[in-house]
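Each residue of the sequence shown is one higher than the last, beginning at 1347 in our numbering.
Some hints here could point you the wrong way.
Claimed, not checked - Label-pair ranges, simulated between beta-carbon atoms:
1) Val1401 with Thr1433: 43 to 53 angstroms
2) Ile1428 with Lys1456: 33 to 43 angstroms
3) Asn1516 with Pro1394: 16 to 26 angstroms
4) Leu1377 with Thr1356: 14 to 24 angstroms
5) Arg1397 with Leu1487: 29 to 39 angstroms
6) Leu1422 with Arg1458: 22 to 32 angstroms
7) Pro1427 with Tyr1379: 12 to 22 angstroms
8) Gly1470 with Val1401: 21 to 31 angstroms
9) Ile1419 with Arg1458: 14 to 24 angstroms
10) Ile1350 with Thr1372: 34 to 44 angstroms
11) Thr1372 with Ile1480: 15 to 25 angstroms
12) Ile1426 with Thr1484: 15 to 25 angstroms
13) Phe1425 with Phe1460: 17 to 27 angstroms
14) Ala1383 with Ile1419: 10 to 20 angstroms
Simulated from the structure, these hints should not be mistaken for lab results.
Built from N, CA and C at the ideal position, the CB exists for glycine as well.
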Amino acid sequence: MVNIKKVVMTITISRIFGAFWLLFITPLSALFYVVYAACVVSDMVDGPIARKAKVTSNLGALLDSAADFLFAIIVLIIFIPILALETWMVYLIAIVLATRAIGFGIGFIKYRTFTFLHTYANKGAGVLLAFFPIFYGTLGLAVTIIILFIAAILSALEELIITIRSKELNRNITSMFAAS
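Take these sequences, add in the hints, and give me the full structure.
Here it is, written out as structure tokens:
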């Protein structure tokens, strides 16, 4: 009998290993796109499988969010040095990272744990980030940065507001308009 909870955790952990593997692959090569796509697909399937099989857990939610965050940071580490970023683009990225850091800091002080939340805005920003290589190749860098900034800052601000307003940690809150 297959233990679905172990399958879900394996999918999530594979995203962590895949994200680290990206650091050692030539960016934008065929292998890079294969590993990148595997990470994106793993993010799209682990949560729905866990919810459908009713094997969700706080540990699983935390691990999923940590894997998402790690993937996003590694994508930044890979792409920032190879892109011709203008100063304004760097400022936008820094604003999002600072907002996230403030939210995580407040959450850690308040709840004594990392507070990655599964909001729709975070998921939406993650999907848009996943399509970064496609947006970059079709829309250009400036438009891509603006699209990603808007999505990322809205999700970061929402997570910050939820963290400040919530009396208890609920990683599975869908939005700041949902009951916590």
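Verification of the hints:
For Val1401 paired with Thr1433, a C-beta distance near 47 angstroms keeps the hint of 43 to 53 angstroms intact. At roughly 38 angstroms, the beta carbons of Ile1428 and Lys1456 sit within the given window of 33 to 43 angstroms. Between Asn1516 and Pro1394, the C-beta spacing of about 19 angstroms keeps the proposed range 16 to 26 angstroms intact. For Leu1377 paired with Thr1356, a C-beta distance near 22 angstroms keeps the hint of 14 to 24 angstroms intact.
In this structure the supplied range 29 to 39 angstroms holds for Arg1397 paired with Leu1487, their Cβ-Cβ distance being about 36 angstroms. For the pair Leu1422 and Arg1458, the supplied restraint of 22 to 32 angstroms holds, since their beta-carbon distance comes to about 27 angstroms. Taking 12 to 22 angstroms as the suggested C-beta distance range, the pair Pro1427 and Tyr1379 conforms, at roughly 19 angstroms. A C-beta distance of roughly 25 angstroms is found between Gly1470 and Val1401, which places it inside the suggested range of 21 to 31 angstroms.
Range check, Ile1419 to Arg1458: Cβ separation about 22 angstroms, and the 14 to 24 angstroms hint holds. For Ile1350 paired with Thr1372, a C-beta distance near 36 angstroms keeps the hint of 34 to 44 angstroms intact. At roughly 18 angstroms, the beta-carbon separation of Thr1372 and Ile1480 lies within the given 15 to 25 angstroms, and the hint holds. As the Cβ distance of Ile1426 to Thr1484 is approximately 20 angstroms, the hint placing it in 15 to 25 angstroms holds.
Look at Phe1425 against Phe1460: about 24 angstroms separates their beta carbons, and that is inside 17 to 27 angstroms. The hinted window of 10 to 20 angstroms between Ala1383 and Ile1419 holds, with their beta carbons roughly 19 angstroms apart.
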